[in-house]
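K.L.:
Each chain is listed here by its residues.
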Amino acid sequence: MSLNDLIFLLPEIILATGASLLLIAPVTGLRDSISAKWAMIALLIITAGSLLACSWAVPGMEQTAGFARMFALDAFSIFFKLLFLFVVAIVVLLSDDFLRESRYSTWEYYSLLGFALCGMMFMASGVHLATIYIGLELLSLSSYILAGYYKNEQKSTEAAMKYFVLGAVSSAILLYGISLIYGVCGTLNLLDIARALSTVVSNDALMFGVILLACGLCFKIAAAPFHVWTPDVYEGAPTPITAFLSTGSKAAAFAIFVRIFYVALPGFHLDWSMVLATVAALSMIVGNLAAITQESVKRLLAYSSIAHAGYVLMGIVAMNVMGLRGVLVYSFVYVFANLGIWSIVLMMKRHEYAGEKVSDFEGLHSRSPFWAFSMFVFLLSLGGIPPTAGFIGKYFLFYAAVQAGFGWLAIIAVLMSAVSMFYYLRIVVAMYLRDGKEADVTASGALKFVAAVCVVATIVFGVVPNDLIDQVSSSAKGLHNKGAVTRNATR
Amino acid sequence: MTQALLMRYLLWPLVKFLGAFIVVQAIVAAMNWVERRLLGLIQARLGPNRVGWHGLLQIVADPIKFLLKEDIVPSSSEKVAYFLGPMLPLIPTFMVYCLIPFGPPPMFIAARVNVALLLVLALTSTGVYGIILGGWASNNKYSLMGGLRSAAQMVSYEVPFGLSIVGVLMICGSLDLVRIVDYQANNAWNLFPQIVAFFIFFVSMNAENNRTPFDLPEAESELVAGYHTEYSAMKFAFFMLAEYSAMIVNSCLVTLLFLGGWTMAIDGKGLTTQQLVSMGVLGGIIGLAIFLTKMMFFMFVYIWFRATFPRFRFDQLMDLGWKWMIPLALGNIVVTGVFVLIGQERLMYWIGLATLGAIGFHIFRKPVPAVKAKTAHEVAHAS
Amino acid sequence: MTPAFAVFLIVGTIAVASSILVISMRNPVHSALFLLLTFLCVAVLFVMKGAEFVGAVQVLVYAGGIMVLFLFVVMLINVRHLPDEKVLSNFWKGGFAVGLGVFILFVAVVRPGVYHDEQLDKSRLTSVKERIWTESHKNPGTYTYRRVHRTNANSEAVGMALYTDYLVPFEVASLFLLVAMIGAIVIGKRELSATEEETAQQFILERVETEKEVKEAMSA
Chain E
800 MSLNDLIFLL PEIILATGAS LLLIAPVTGL RDSISAKWAM IALLIITAGS LLACSWAVPG
860 MEQTAGFARM FALDAFSIFF KLLFLFVVAI VVLLSDDFLR ESRYSTWEYY SLLGFALCGM
920 MFMASGVHLA TIYIGLELLS LSSYILAGYY KNEQKSTEAA MKYFVLGAVS SAILLYGISL
980 IYGVCGTLNL LDIARALSTV VSNDALMFGV ILLACGLCFK IAAAPFHVWT PDVYEGAPTP
1040 ITAFLSTGSK AAAFAIFVRI FYVALPGFHL DWSMVLATVA ALSMIVGNLA AITQESVKRL
1100 LAYSSIAHAG YVLMGIVAMN VMGLRGVLVY SFVYVFANLG IWSIVLMMKR HEYAGEKVSD
1160 FEGLHSRSPF WAFSMFVFLL SLGGIPPTAG FIGKYFLFYA AVQAGFGWLA IIAVLMSAVS
1220 MFYYLRIVVA MYLRDGKEAD VTASGALKFV AAVCVVATIV FGVVPNDLID QVSSSAKGLH
1280 NKGAVTRNAT R
Chain G
2 MTQALLMRYL LWPLVKFLGA FIVVQAIVAA MNWVERRLLG LIQARLGPNR VGWHGLLQIV
62 ADPIKFLLKE DIVPSSSEKV AYFLGPMLPL IPTFMVYCLI PFGPPPMFIA ARVNVALLLV
122 LALTSTGVYG IILGGWASNN KYSLMGGLRS AAQMVSYEVP FGLSIVGVLM ICGSLDLVRI
182 VDYQANNAWN LFPQIVAFFI FFVSMNAENN RTPFDLPEAE SELVAGYHTE YSAMKFAFFM
242 LAEYSAMIVN SCLVTLLFLG GWTMAIDGKG LTTQQLVSMG VLGGIIGLAI FLTKMMFFMF
302 VYIWFRATFP RFRFDQLMDL GWKWMIPLAL GNIVVTGVFV LIGQERLMYW IGLATLGAIG
362 FHIFRKPVPA VKAKTAHEVA HAS
Chain V
289 MTPAFAVFLI VGTIAVASSI LVISMRNPVH SALFLLLTFL CVAVLFVMKG AEFVGAVQVL
349 VYAGGIMVLF LFVVMLINVR HLPDEKVLSN FWKGGFAVGL GVFILFVAVV RPGVYHDEQL
409 DKSRLTSVKE RIWTESHKNP GTYTYRRVHR TNANSEAVGM ALYTDYLVPF EVASLFLLVA
469 MIGAIVIGKR ELSATEEETA QQFILERVET EKEVKEAMSA
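Chains as they are written, first to last, in this note's numbering: chain E, 800 to 1290; chain G, 2 to 384; chain V, 289 to 508.
In case anyone wonders, no lab produced these hints; they're calculated from the structure. Be careful, since some hints might not be right.
[As the list claims (entries may be wrong)] Taking lysine-lysine pairs in the DSBU-like style, the calculated list, with each CA pair at most 35 Å apart, reads:
(1) G/Lys142 - V/Lys477
(2) V/Lys477 - E/Lys961
(3) V/Lys337 - G/Lys17
(4) E/Lys836 - E/Lys954
(5) E/Lys1247 - V/Lys477
Keep in mind the model is a prediction, meaning the values are calculated, not measured.
For reference, chain E alone in the conformation it holds in the complex (with noise of 0.2 Å):
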């Protein structure tokens, strides 16, 4: 180690130190929700220069560890560190108007969510058992903590509480996998695992601890078995944060997901891909038709986030180039499709915790024919309809399961994929074929912003991927290329 290493920290330092300035901030005298607001999207900017600036300014810093192999700053990680940076300030411009509205403690709020943020670019940068984490019991601590942000409402405590209470087992369950690991490799390092383990056949040591691992894992991301957390917290917990717990945070732990399995465990690729073979197939088939039949907004995407964690673990089952790149295309597209239902949602939303029901929608069109189409193109794009940016992700997982030779979970996939338009064409023909209550639209100028840029970009990636398809292989293939993160890293 050496104080070079901390130029690869420089982004974390920076927004660390920026989230506690943004604690003390108050006792200067600004205390209003828009400054906070203002100092919490500079620090976003500062934060994705000093990325952007740390990448380019050290060649041949990519592919590196750095901190006695912990941390590595390679292209998958800067990948994933700018989607993190792009769904906070989003989050940030959605919480503007719940903040002002309640009388919430607002620089605290964004110091959780920058404090978030850290815990999510460590995960993205971890290249050892135990900065993964403590990155991801950073976010969730944070997540907890907001998703309770409403505390004098009922909801929320219970969705924070219920958050928390699953969420600790998840964390124990998930360092129960990781201490097994360690007592049969003798290392934490993802690289010197996938190094011992070559030696190793088989070991039912090894094996439990890896299940117990992706259990964690799973719960995380809200996979099959392990969902049942996810309506109610997302239900109860603050909008914007349920955007955030939906987006961010699930792109996070697919990116520990990707990083884990793909250079720790490839050797025991055989073992664990069946087993995550069928949560894949169990939370598409349980989201899916978990879904059909809710009322609220809200629960009904908390559903088909769960189908949509099935769909991305296709991409870590597969165990191809092709998977890598479909986790990667599809966290992104996912990301503003489901950020821009959210921004609808939160213009929808007439007071507190009501104006989230399906029947909500109704008439949207005749009242703002824009923003129900932009409705529309995001529904299109969870559903993964062609013209959309969606198409783009679903195409790489479904086709990597197929090269995979799980054609079986593909043909799941689909199936589930079409039940999936049944209930999102529910919220269209409610929003285009309904009378509506002639409610206001009432949308700020933050909203309309968000919602804008979401659909522009789901449907321009739609329409032109390939710039995005190549960025994204290049953000992969120091992942799946091995050898080239031996080579460099253990110099």
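Following the hints, put chains G and V in place on chain E, whose structure we already have.
P.N.:
For chains G and V alone, coordinates are given in the frame of chain E:
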């Protein structure tokens, strides 16, 4: 073979422990009389002087009284916890005697552990259980308040207590008490470079022991007698025993950490450990005497404090701990770290010495005559 | 049976038994005290494995700090006894079965030979390598270092590992604790009502004024 091991690891430490135990208990018993006489002296009265020569037999009379008094157990108390309360703090305090070197090793230390300091801290930190448990079990509002105050106070002051030691560790580079003392004998007392840490340690030590001016858990003007309101006879005596034993432990610690323990040497010249060991039994006795003298000085300062300072208010106590002591201790760590990093520990000694000199000058300079109070006439004209 | 194994059996049994008592006691204070006992037993187990530092810190932090605060809160809300309702819910059979299943799986899976290193490598726990920089005599201004190998230094070995190799997770853990603190404050804080917020500053000003007056009166 087994016998030798048994001797080495069981019998011999046990004997040493018993020796330390007896000596410390004797000091505790004597302290009872010393404290009351001293308080009397400071407050211009006599103190106990009836039983024996200058009241010296008071040392015997008090335990007899405790033994013979009725042991009252309140009917609404939690019996088991009420019984355990006075016993619990004694165990860790006695265990600490095994770890403290009372004189040059290996003679005067029951068990030399390489993390001795940490273990001492850990064990003393569990001493609070007896107080909060006793306070709670008595099922009395005043007792409970005393227990709660004690819990808050001891946890709060544990932090500066521990942090102040870090500076010493950074300079000495060991958690082994013997090595810390040796380092001081080969350089100089840690009191000089760690003057700030010494101050924090000393204040926190008073607070840890619930001694005046931090005796809020048993503040008689507010809480009758605090956590031991309902305790009588031998159970009450156990609380006192634990408190005085803990005072002795802390005095030993401050002696070892800041005043060079059983050595009397600067820069390796004087009575260092090697010097004392080479002198054989005589050296051991000299070392023990030096150690006990330094320790008794701090016991005296405890009493001196009690006679001098009025009690803090509870919020003042918390303010002092969290807003002053902890930041000060952290600052001390940073400063010490900088000096260690640039390799200028020697400079710290001179700075500490200069500070001590300045404090001494301030205390002992000729008292300034009191400012004459302004008359009403002057006040009216000044404004 | 070696003495160490005998101690392990005794201490381990006490640890498990007391941890079961923690969850089965009706009185929260008793639960907390059994938890304390569990912590102490675990500390003994740590020491037996050659990790004296972790053992000492276990007592210092958990027994001396966290459990005291536990007791503090329990006593502050003064719950003497939990209400006498059914201790076990209807799910206990399922939960017990799952627990037993996992336990059996563990026993079956973790057996001698599965771990990478059956013999505990104590040297890593007890020795520390240190770089000592010295100025070379021949050409001043250049520094060389030699490695010093010190044994019997568990706490130094832990410190070295934490502040060099594990620096990143260690620092992130501090952020984690900060977030926990913020969370406790944000959730525990009472929001002022609109009128209170308006009058709060006035109230503080008044109080400061009063304090000033009192001080002046005292000094006069």
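K.L.:
Hint by hint, which ones does the structure fall short of?
P.N.:
none
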